[in-house]
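Asker: If you want the building blocks of each chain, they are given just below.
There are 2 protein chains.
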Amino acid sequence: MKQLKKVNLNQIKVKDSFWSPVQELVIDEMIPYQEKVFKDEIPDVEKSHVLANLRIAAGMEQGEFYGMVFQDSDLAKWLEGVAYSLVIRPDKDLEQRADAVIDIIEKAQQPDGYLNTYFTIKEPEHRWQNLLECHELYCAGHMMEAAAAYYEATGKDKFLRAMERMADHIGGRFGTDKERGIPGHQEIELGLMRLYYATGKEKYLKLAKYFIDERGQNPDYFKEERQKRDWVHFNMDPENTFYNQSFAPVRLQETAEGHSVRAVYMYTAMADIAGQTDDRELYDACVHLWDNITGKRMYLTGGIGSTVDGEAFTKDYDLPNDMAYAETCASIGLIFFAKKMLDIEPSGKYADVLEQALYNGVLSGMQMDGKKFFYVNPLEVNPGISGELFGYKHVLPKRQGWYTCACCPPNLARLLTSLGQYAWSEGEDAVYSHLFLGGEFDLDKAFIRVESSYPWKGQAVYHVEGKQKSAFKIAIRIPAWAQNLNVLLNGEKIDTDSCRKDGYCYLERVWGKSDTLEISFDMRIRRIYANTEVREDAGCAAFMRGPFVYCFEGVDNGQLHSLRISTDRKAEESACGEGLFKGMTLLKVPGMRMEGSRQLYSETAPFAKPVTLTAIPYFAWGNRGVNQMKVWMLEK
Amino acid sequence: MKQLKKVNLNQIKVKDSFWSPVQELVIDEMIPYQEKVFKDEIPDVEKSHVLANLRIAAGMEQGEFYGMVFQDSDLAKWLEGVAYSLVIRPDKDLEQRADAVIDIIEKAQQPDGYLNTYFTIKEPEHRWQNLLECHELYCAGHMMEAAAAYYEATGKDKFLRAMERMADHIGGRFGTDKERGIPGHQEIELGLMRLYYATGKEKYLKLAKYFIDERGQNPDYFKEERQKRDWVHFNMDPENTFYNQSFAPVRLQETAEGHSVRAVYMYTAMADIAGQTDDRELYDACVHLWDNITGKRMYLTGGIGSTVDGEAFTKDYDLPNDMAYAETCASIGLIFFAKKMLDIEPSGKYADVLEQALYNGVLSGMQMDGKKFFYVNPLEVNPGISGELFGYKHVLPKRQGWYTCACCPPNLARLLTSLGQYAWSEGEDAVYSHLFLGGEFDLDKAFIRVESSYPWKGQAVYHVEGKQKSAFKIAIRIPAWAQNLNVLLNGEKIDTDSCRKDGYCYLERVWGKSDTLEISFDMRIRRIYANTEVREDAGCAAFMRGPFVYCFEGVDNGQLHSLRISTDRKAEESACGEGLFKGMTLLKVPGMRMEGSRQLYSETAPFAKPVTLTAIPYFAWGNRGVNQMKVWMLEK
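Chain order of the listed sequences is F and C.
Position 519 of the first sequence, counted from 1, bears residue number 518 in numbering that gives the first Met the number 0, the numbering being contiguous throughout.
Position 419 of the second sequence, counted from 1, bears residue number 418 in numbering that gives the first Met the number 0, the numbering being contiguous throughout.
Quick caveat, the hints were computed from the structure, so don't treat them as lab data.
All the given hints hold, so there is nothing to weed out.
For identical chains, the list gives no copy identity; a pair is met inside one copy or between any two copies.
Calculated cross-link-like contacts (lysine-lysine; reagent style DSS-like; alpha-carbon spacing at most 25 Å):
no.	residue 1	residue 2
1	K608	K635
2	K569	K635
3	K371	K35
4	K456	K569
5	K397	K314
6	K608	K295
Construct the entire structure; sequences and hints are all you get.
Answerer: Below, the structure is given as structure tokens:
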């Protein structure tokens, strides 16, 4: 078991007709917008106060802490995104502002390395007493990720060194032979792994592995912690060990349980550590958990978490569309997990889901102007019900400018600016292309320039400039749904049957200075059915084309629940030349509207009036005002 | 506008193949069981303590109050049921025990007439300060209903006089020229009307009318009440005026809002007072409210209340099956309301719904052994989800022996023992048969003996013995769904087209000493469709036969959500000769089971495997262990 090497961002230049505009939007709009939010300069949105907290903790101004106990992490994720953005597009001004924030962070750090504005300002006497609720390790993990990213992006190590001091402070406190402790919200493991990669210091890998292995060894850990203190923060139930995945040692966990973001962050760390330490047992646990999520507990959009109650997984095949949680952060975490699994076993089963989450459940988290965000990504919305009535109150029908718990918006910023890292991995004898991302990739074995018409067309050209004299493989992931795959190597057709394995097309040779690989496949509209165990999708179909899930909105189609899609007539593509959806492929779906008695109940069967429905990519829903939305539509 | 006269229970002897066994079950099992619960003699069920509370308040024993602030009302409803049962089947022993309870009630009553064990035992200083939350008027209303019933059943007036003293105490306190007050939970209005009918004293009618007319005059009433006191009981939001229907004067209310039991109890009183006082405006409000409920906010089972949040109505056409509230008490209240509307305007639109609620949403509240009860009556249950997960926690998949809030079980006892009262009304020139209830009915104008094969067959014979020399009408309600109606008068066929009006078949003549009316109609299986505005029933059909709604259970059919019912093949009757369902007509429904890919999502359309489904009457569900249940099934 050998973990593939990730490709660093400075080896990557994204030049993609779909993703470059998204990254520009993040850099031009989202990152500056979030900076203004952090400075409390945006009116009429939830107050952040995160920068003020930091300045107060640093002794630079007077004031009270405001916000969630994990408020620091919003800024950390944003800084991580800023770091990535500086690689994409250097910006002296932004870098100076980031440096200034880092200066404050360093000032807010305590002499012993401790960093957390909540405890420093409000309850210094309570440090490290409430790992269940208080997110100190969580915030530390995000700060470490940001610090590593900033170091990789700028070469400046001030933040990294500060976070090493924090990591050492943590490592000095927790361990098998020290205080036994585990985080209430996993993330420190990911932060420590980033620190390990950035510094090469094995102690951080060991500490990350400690937190993973310690988890669930004593399922009463949080209960005992609670008994030791006379205060609570959120008053969480310390016996709800499913919520934070401490119900059993992680290697024995077989189903995805509890808070879905905590879960996938942990699985990501498990997979990373398994890959780094060649730990087959830990990897096997990851495979079980992956299969449970993607085989039984995931929305078509790559959303996870079926209930608002604990923002959690529920049971196999329980996937209510109109009550979904499907937090943006959870889909982002699923992408993290998928990439780590891919790096151990390059298989389409991971890459396809990575893509599915990316183009749907993640991208839907962002308004097309980059300044509004969904926390919850439902697959059905009914204005007047969603966001209003019991059971549906969490399902807001429109994106918000900010949230009290603002984990998702800066998570989007850091994911989208680091997208290039998900496009490639490099192994000993192969390079792996996971996404048809257009751009220039300066890999160890080759310089590869990709011209991609993906995701709207199944077409990409890889211009390869080999850097070594020996043969190696270029493995290009071909989505499981792709049909009529055609691969031309320097214009000559390749027998693709013999080169396809586990969702990748492997081409081995000594690559010359200007080889060209042309990939094409049909990008047909797929009609998708859910497993018949999924109650909420019974009788329904959904549409996908390429990586996109489609949805129906009221603004195009009128009242949605009396619509049916025709089983015997095919949907067709409809290029949308103008306006908001310029460049996107929309669908025209033959269907019918059921019209029946005006009585509440009657013996009159509704009759079907033929209509043509319009479907748009799911990620783009909710950009034309509050209206009804549905992914799964009844067939007739 | 002239209100029809209700027929007293002592004019009625129910002898019905369906209902007599139900009444026997109530008398033999339910009433004794509930008596034991009240004495805290049933192990492993929620404790009642209601009799102990009463003895403590009466100074007969020491102890603490236990239970809800409205605990007294459980006993009141039971006593009302006991009264009715004594008419059906005299029982000296039971009557003595009831007398003994009434003696304690009288002892618990305070010298000023006040009766409420909670306040007498726990917070005598807080009497009448918290009408919003504390149910003093509600409990008083139930005690008055019980007292009137006991007087009518036994001729004993001790309880009645006691409750007159309570009514006078209330009337001395509240009124237009006294303290302005309205109940937080309507019921006192119904109790006062019963007292008015039992005593003929108009002051009780006036006081009932005061409470109705006062409601909503000052929508800030409860807010102001809250400001006057420094204590709360449940900490209800006094500004949630929809919850208790105090948001507007009742005459201006057009949609059914808030807590559904509060609502229909109030509408019942409104209709009764409108009928008694010839108040057209009040009646018109009732018609609006009726039409809104039955046209837009009622489940097929006659259940009302779409959400657990406030046990309330939500919005037009919002009728989730698996999250339904549909409280047993609310359907009982809907029957009360229907009967009062019927007595003003005998129309099938009221009688059909009365029957629909009775045979379905009410009867389902009771286990077939008479000793377990549903509070919530869902139209879909999924074990593992229902009763367990957020949103569904209130939807228990099995009936319980008792509840902390035990309003429903004794409400069933009093409704089912007084069923005869819903079967007939008497007008100036007509008698009205609302239900095809078998039995002997000693009406003012005639003695009528009904032999009924209803509800399983559309057949009933009315043997009429006229008591007066002048002509009068016998009006027999014919359900709207009845087809091929055949009416024979002394063996001769009547032209039913000319005699049918508003759901009743009117036959006018001078009735002799032994006239015979034979009614018959087809009792076919009806396939029912919901209005296409009802999201949750889209694509589905349900089955009814006669007054019964049918449902599908897992125990007969396996996993339900992958089943479809065939659009092109008819359901058939299947008499069930044996066992639990002896005598019932079950349905065999041609359908199919969808079997598809084992993947969570795939392009493989599930294929249909023909199967024959079994449907049972909805009221009988949940009598064979915990299993899946559905009323609305997808068609294919």
